[in-house]
Every structure is written in structure tokens, then in C-alpha cells.
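J.: Protein chains in written order, with our numbering: chain F, 94 to 475; chain Y, 94 to 475; chain D, 61 to 235; chain R, 61 to 235.
There is no bait here: all hints are sound.
Straight-line distance between alpha carbons at most 25 Å, and here's what the computed DSS-like set of lysine-lysine pairs gives:
no., chain 1, residue 1, chain 2, residue 2
1, F, LYS125, F, LYS181
2, F, LYS411, F, LYS382
3, Y, LYS125, D, LYS217
4, D, LYS217, Y, LYS181
5, Y, LYS411, Y, LYS382
6, Y, LYS399, Y, LYS317
7, F, LYS414, F, LYS399
8, Y, LYS382, Y, LYS414
9, R, LYS172, Y, LYS317
10, F, LYS414, F, LYS382
11, F, LYS317, F, LYS399
12, F, LYS317, D, LYS172
13, R, LYS217, F, LYS181
14, Y, LYS399, Y, LYS414
15, F, LYS125, R, LYS217
16, Y, LYS125, Y, LYS181
No wet-lab data here; the hints were simulated from the structure. Here the structure is a predicted model, which is why all the values come from computation and not from measurement.
Here are the chains, one letter per residue:
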Amino acid sequence: MTKRAVYIVAIVCGLLTWCGARAQMPPEEGVKVRELPLAGPHWVFIMNPFSGTLQVTSVFVVDGDSLQIMGQMTGGITSAFAVSPDRKQIYMADTFYSRGSRGERTDVLTIYDARHLAPVGEVILPTKRQLSIPDSSQMAVTPDGRFVLVANVTPATSVSVVDMVNRSVAGEIETSGCAETLIAGARRFVSVCSDGAMLTTEFNDDGKVTAQKRTDKPFFDIEKDPVFGVPARVGEDAYFVSYHGMVYPMNFASNPATPGSAWSLFSDAERQAGWLPGGYQPLWGNAAKGLLFVLMHQGGGEWTHKNPGTEVWVYDLKQHKRIDRIVLPQAANSILVSQDNAPTLFALSAMPAMMQSFSALDGRYLGTISGLSGVPWEMFGL
Amino acid sequence: MTKRAVYIVAIVCGLLTWCGARAQMPPEEGVKVRELPLAGPHWVFIMNPFSGTLQVTSVFVVDGDSLQIMGQMTGGITSAFAVSPDRKQIYMADTFYSRGSRGERTDVLTIYDARHLAPVGEVILPTKRQLSIPDSSQMAVTPDGRFVLVANVTPATSVSVVDMVNRSVAGEIETSGCAETLIAGARRFVSVCSDGAMLTTEFNDDGKVTAQKRTDKPFFDIEKDPVFGVPARVGEDAYFVSYHGMVYPMNFASNPATPGSAWSLFSDAERQAGWLPGGYQPLWGNAAKGLLFVLMHQGGGEWTHKNPGTEVWVYDLKQHKRIDRIVLPQAANSILVSQDNAPTLFALSAMPAMMQSFSALDGRYLGTISGLSGVPWEMFGL
Amino acid sequence: MDSLVEQLTRTVAQRTSRRGFLARMGKLMLGGMVLPLLPVDRVMGTARAQMTMGPTGTGRTDDPSTCDYWRYCGFDGNLCGCCGGSHTECPAGTIMSPTSWVGTCRDPSDGKEYIIGYRDCCGKDVCGRCFCENNKGDMPIYRTQLDNGVIWCFGTKPSSYVVNCTTAVRLGLKT
Amino acid sequence: MDSLVEQLTRTVAQRTSRRGFLARMGKLMLGGMVLPLLPVDRVMGTARAQMTMGPTGTGRTDDPSTCDYWRYCGFDGNLCGCCGGSHTECPAGTIMSPTSWVGTCRDPSDGKEYIIGYRDCCGKDVCGRCFCENNKGDMPIYRTQLDNGVIWCFGTKPSSYVVNCTTAVRLGLKT
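Next up, chain F with everything else stripped away, as it sits in the complex (with noise of 0.2 Å):
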């Protein structure tokens, strides 16, 4: 043997000590890498967009049942989230700079098989994405999976609108004055706008503007009471909530969206306690069961509207009633229900980071995922 056949490659020492221990050792174990299986009803994605750096948002997918981690997915600057109907594919929005912070940017729809968490093909964007603290009105996709719709701002306000099928970018559509993206159907999103009207907007599949109705009128107050962002969802019904409290309900289903009757989630009474909706995603809907449920915190005032809840409040959406009151063992900043007949409400917590999970139906306390690394912010569901 050659005095360069006695030496070993450095990299891989550990499996050469195998050799020379072969005779007596257990089979030497391999690393393989996890697949998942199709995402459960009670999944969660768990949204990090400011954890340490501007530069990354990481996603933790989590297991709503098991409370445990499944995987991981990184993406750029302020990312949105979204997931296929067929929850086969996960959609990521993201920026990214040639030299992290700085240098060329590259906006860019990654395409990720849902059971692999790995990416499988992009789509190269416009270099206009809304870069903003992350929420569910920044990208859909229409119901048969064919379009993502990504929020643009620049300030200027429009949507990307992404051929799944073609992988290419159709089409951009302005929403001058108006902004958000939410899916209101086959090829029909709708927008709010800045003097609180509503813009529905319907496109074919070149991504060409069809048909753009604004509402005659604003459907909320702006001045003096203002809506959250983005509104719960319950079928062709959109419920906004106002920071003050009020219900606006729209119904999608026209063009333009037609203006429910507004009430109150309070009585003069919890009013006056000082009970106000705040968080960075306050509200979620369930189809399912025709519920809203709504994150309160007590005192502080006006412009306390992202300030963490301790309670949820959960509202029966025909009667507008009250229904429960859940009270968060720890107080959480956004809230998601799952969209089964047996949902799950989660709570997230910034700091300390934890999800809490409950029993929507009944308010049971299930259980808490802690120690999620950096600062979670928003949750995505399916």
C-alpha cells in the first residue's frame, strides 16, 4: 500500500473509523430527510417576519394537534403566505437583495410541494411587492388554484397577477386608491380603499381587468372609526371589524360588494369597561359554524389596536350575539379557527413566543407549542 493510500479524506474521518471498527460495530445509521403527509385540517403556519433581521421571514409549519413542529420555510423580506386549495402547494411571495440588504432586488413567487416543504419552481414577480408587516390580504389564489394574486405598493397600489398553469406573470391590474387582495371568487377579488369604499375587481385568465366596481359609498366610517385590514371570512361573507368594535359585513358575491347592517360587538355596559379589539390579527371567521371570533383587551384607550388580547370573544354571526368568552391563559397578539366542524382557535403570542391552542366550540384549553425561535407574528391556515 502506497504511503497516500494510508491517509484518509478528513470529511469523511467518522465513516473511515467505520472501516476500521467494521468488525464489531452496530450498522453504522444513515440521515434521511422527512416527508410529510398531506396537511391535516388543524395545521398552522406560523409567520416570523421580524426575527432579528428584516432580511428573512421564516415560516414554522405546526401541527395544530400534536402542537409540534413539522418543518420550516425561509423566505425574504416580509413574505406572503398562501396555500393551494388542494393544499398540495405552498405559495411564498418574497424579496430578496443581491447583497442581503442591499444591491439588485428580485421579487419572486417560490412554488413549494406542501409534503417536501421544498421549493419546485418560481415565478420571477415584479419588483413592486408590498413589503408590510405580513396578513392574508397580500396574496390569494382563486379557487381553482389557477391564479396567485399578489398585493403590489409602491405606493402606488395594483396586483400581480401570477398563471399557476403557465408559471408566468399574466397580467397587473391597478387598484388605484384602493388596496388588499382578497379572493371573492372563480376570478373576482376585491379591495378597500382609502376613503373606505370597496373596489371588486374581476379578471380572465389573460389577467385582464373584466369589470372594477367601486361601492357608491364607504361602507365604514374612516375617519372616525376605522376597520382592520383584513376581514373574517365566512363563505361570500366578509365580516370587518372596527377598532371600535363595530361589524361591517360585505357580501362578495355582487360586483360591486354589497354593505350588510352593521352592529356592535359590545354592549354599552363592556364599552364602558373599556373592552376594545386589538392585535396583529385580531379576528378570524369559521364557516363551518357560522362563528366570529375576536381578540379583546381591556383599557388603554383609543389606538391601543394592536395591543395583545387576553381574552377571545366568540360571536354567533346570525344572531349577533355573544356566544363565549374565552380567557387566554397567556395573552396572545393574533388569533386563527381552523375551518372544520370540530375547529381549533389557536393563539400566538409574540413574546413570550407560544401558540396556545383551544377548543373552539367549547373554549377548552388544549395545549401550548413554547420556545418558537424569534418573534411570531401572524398565523396562516388552510
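Since the structure of chain F is already known, use the hints to place chains Y, D and R on it.
T.: Relative to chain F, chains Y, D and R alone:
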């Protein structure tokens, strides 16, 4: 005035409010970008390579006298760091991926103007940079400022020689079996080898090796008592310290380097009391006074070489004698001593993230900067 | 886009005639730029609404190193004073944004309401020190110019939408 | 580089003749690859040195969910078991590194010393959960294969040097 003209652009609405209020307003304030004075001898660069992300290395520039943040630099994956001899430029060797955590890799030497902390140029590097916990063995500048040496580990080891006049990579020098780029002269650098020997490489202005010599035997016993990777530098002498507290002086003026007599940091009693050197950056020298500073902890035994230290022991390098023990109010992970005649000792703690300051000569506590964000790991000085 | 923003800023700074400025704006818009537009009275009305909505529990001190400094009533970010700048200065090497979201805060020293511009210093990753989140006047994205959750680096040159820290400059008296 | 590493790994897994494997290695190296080379006895000697250096205060339990699990005696990183994998599985969508730094840890159940490979799962940013730093056998960069501060994603395919979490697989009995 047309209807259009009574509308204003939202992005300057603040300024336009100014238009309306002009008659009764105080002067509008502007925002300017600060310019820094030339770096003083007590400036220190605090590096956070692992602050919630592996993709970003943040560097805080701190004035060690006022203990104020002067600014910040943002690098990529485990950046290397060095300051030009004239203090006018700062270099960071960075690694970026086109999609943040994946995609195409770019290694680049970024040149910052030290007065503005802004990038003024860059040199693309071979995508071979050493990616590991940063320290001062990974990048060095020749005394005349002409060349920057960047350590490569693929895991094969080599050094990229960057010509700062031509702003290009002049060459790549192999250091097979040896790592580190410790500058040792005008065109000379030193590496430590995997068998405990030392390799000295001389090169020319074309970035080519002119001489490369290895010590004929190890200068420490790698099996029984390995040395920390980065020595304390005092002029042409380098003082390596072993995990067990032996000092191995090496003179870099010759090729190969010349070993001095080893000596112990500890008396038998101290050794029995369980004192050991340790930390992420556990030793530093001061050439002006011929002193060696070592971060010490007590207890824990073998393989505690990265444990935080509770004291800094100060040695006279001529007499091989300890002359001071500085008890740290807060345990620290890394130390650095300035190179002037009135040197300051800095002690950096990763958690809580803070840096303490002491008079290096009499051990007097001078102050702390706390609330450093992230997990600060290393310091670089001038 | 960048040059438009800069031009607008310079124009505003140079003009003494409001009417002339607005006419110029109209011309720029006719030039094909699409920007979210609001009538002047809407902006002013919103500012009024903020004012009448009462105290927020913040914004009552005169110390710019604390989250309670009066100018920070609508602040969301890291104080530049903790990051190598000040409440009116960006740290060295950052890129000052020519744009900002705005708030209306009461100066305790004279009891008057001022329009405050929260101008981000961009181009370096988040400083992470002295994070403050007050939300007076904050609105969702549909009222973009009042949304403190937006990365307000529009118009930076060179362009970067990574924020290091945020300033709070006085743009004028609230009318 | 990538294909070499893969080839080596496959080769090791398939060969039963050590001599044959080493001969093949020699051929690969003659093929022009430059890798940091160490004599076998050096690696083994180092492993021996680690063994004689005594207990470290960690590595004494049989619970892979804690930093004290015996295999983690030389661990530095985030436990994959907290990140969607396990101590022998990478989380979904990460890229398993074919290379690793190594340590020598004692299994409390049989009292024997095993060579442990700490294989990083790469391609996603750091998980951040269950960070453990034990340092038995850790050496600086001049002993690369024992340096737990190195990002051990050499040979990943597709290549990425961002680490999500780290596993700890038993490579063999320490001889």
C-alpha cells in the same frame, strides 16, 4: 384648478400638510445622514453572526470610550472582518445566496468607507470562503494595505489573495492541511496545520507563492492539549494558548516561524482549583505594554474551552508572570484589548447581550453598553 | 419612481406657492404616473380625527431616548438615537428615505399638535435596539400613508427596503 | 466536489474491504482532488485523546430531546428533533449534508464509545429551537473535521451553507 389638481400624492402628504400649515409653522426639519470621525483607538466592532438568522452578520461599531453605538454594517453568512491599516476602509468578506438561504452563491469582499460605513466597492471572490464562527484568523490585510487575504475552506484549505489596488483576486494559494491567514509581514502569512506544525507562506504582488515552509515539528501537542485557533499578537510574536493553559510563543519574523519556550499560565494550585482559559475569543495581546490577557473560568473540566469566563488574567509576557486578575461583574464570552498606550479591555457577553469596559492596566471598571441586540459573538479592533 | 419622489420633495422644499406646486403635481400625474391619491381634505380630516381621539398613554415626555417621547406617538420601529443616529439623523451609511408615514402628536412644551414624519433609514438590517411601537393614527394598508407597518423606504437611492431604524421629524404645525 | 463526496459515501457503504476502499481513495486523489488529508492514526489518535480527557458534564442521558443526550457530547447547533426532524432525520425540505464533524461519545446503556457524526440539515435558515452547545473534542479550524463551529454543509446538493438544524448519527464503535 382642475379636480385633479386638488388631489395630492399620498407619499408626500406630510409635506403637503406643511403646505397648508406653512403660515404658522416652525421651520420644517430635515433628516441628515451622519458622518463619523476617524476611528479612535478604542473603537470596537462587535459582530453578531447568529442573531436569529444564519444569513445575516451584523456588526455594531462602538466607541469604547463613550460606549455608544456609532453605526452598523450588514453582511451575509458568517462574514470575515478587517480594517485597513490606515483605518480609512473596512472590509467584510460576505457570502450571499440569490434566494437568501438557497440558490446561487456569491462570495464578495465589500469595501466600506470607514467615515460613512457605506459600501464603496466590492471584489467578487471564489465561492470558497471559510464559513464558520468568525474570528480574526479568517481575513487579514498586508501592512501596506495592498492585499487582503481571505481564508477558504471547502474543506480543502487555501487563501484568496485580493489585490486592493486592482480590485481583483490576484491568486489563490493552497495551504493543504493547514488553515488560518495570520499576517506575518509585508507579503507573509502564517497558518496552523492539522498536525500542530506551522506553515509560513510568502507571496509576491502577483498573488503567487514565493516561499512556503513548515516547521519541522509541531509547536504544540495536538493530541494532548490543542491550542486556541487565534493567538495573541504582540509585534512579530504570536502567543498561542492551549486549552490547558500552556503558552506557546511563535516568532513570525522567520520562515518557517521560530518557536519560543512554552510556559504555563497556571501555578499548580490554580490548576488544581480548576481554572481554565475559555470563551469564543479568550485571549488578546497588547503590544505597547507587552501584556497577554486571558479570559478564565473555574470548574467544568475538560472541553470547557468555549465556556464563558468570570475573570481576565493579565500576564507580563517578558516575565511570564501574572500581574493582575480582573473580576468581571458579568461573565463574558470574548475579550479584546486596544493597542494604544492607555489600553482598554473590552469583555463581550452573548447573553445578556452587553459589553463591559475596563482600564486594561489597572483593571478599573469603566462602564457597560447593554441592550446590544441579538447574540454578539466576537469583537474586532484597530 | 425614485426620481419622481426626489423631485417632489425638492419641489415642495423649494416652492412657496402652494397653487404652483399642486399644478406641477397635476402635470406629473398626467405624465403617466400612477400613485394612490387622496384629496387634501381627506388627509387633513384624518389628522383631525386622530387629534380628537384622545390620549394614547404615550407621547408625553420630551426625552427622545424613550418610547414616550411626544413625537413617537405614531412610531413603529427602532429609535435611530440608539443606533448611531438621532431622532432627526440617520446612522452613518444608511439611506435616508425621502418618504414616510405620518402622525399627529402633541408637543407637551407648547401644547400644540404637530405633523410628524417617521422617516426610515434604510439599506442596513434592523438595528434591533430601542424598539418602540406606538400606534396613534395608524391605519391598515388601505390608508397607506398612515400605515406604520409598511416598510417606508419608497424612493431611497440606492433603493433598499431593509430598515435599520426610524426617525421622527417635525413636518409642520397641525392646522 | 459534490459528486466526490457522494461517491465516497456510497463507496464506504458498499465496500467490505477496507484495503480496497483505501486503494480507491488513492485513485480518486490522484485524479486531482485536493482535500485536507490526515493519516488514519491521527484521526484515531485524536479520538483516543478525547476519550481519555474525561467527562464533560454532558452526554449522560438517553433522551434525544435534551442537550444532555449522550450522542450530543460534541454537538453545536439546534436539535433537529425540535425542528421537524429527529436526531437521525432532517426536517422536510432541508438538504442533508453528506459530511459532518465528528465526536466520540459514550453510550451510557452499554458503556461503549461511539463515533458520532453531526450532520447538518441545510438549505433553510436556522430553526432556532433547542440550541445545544457541547464541545467535547471540538478543535479549531486547523483540525477542520473536529471543528463544530464550521458550517458543515460541504457536499450538499443543491448546495447551501445555511443550516436549519443538526443531527447526531452513530457512525461506528470507537476502536
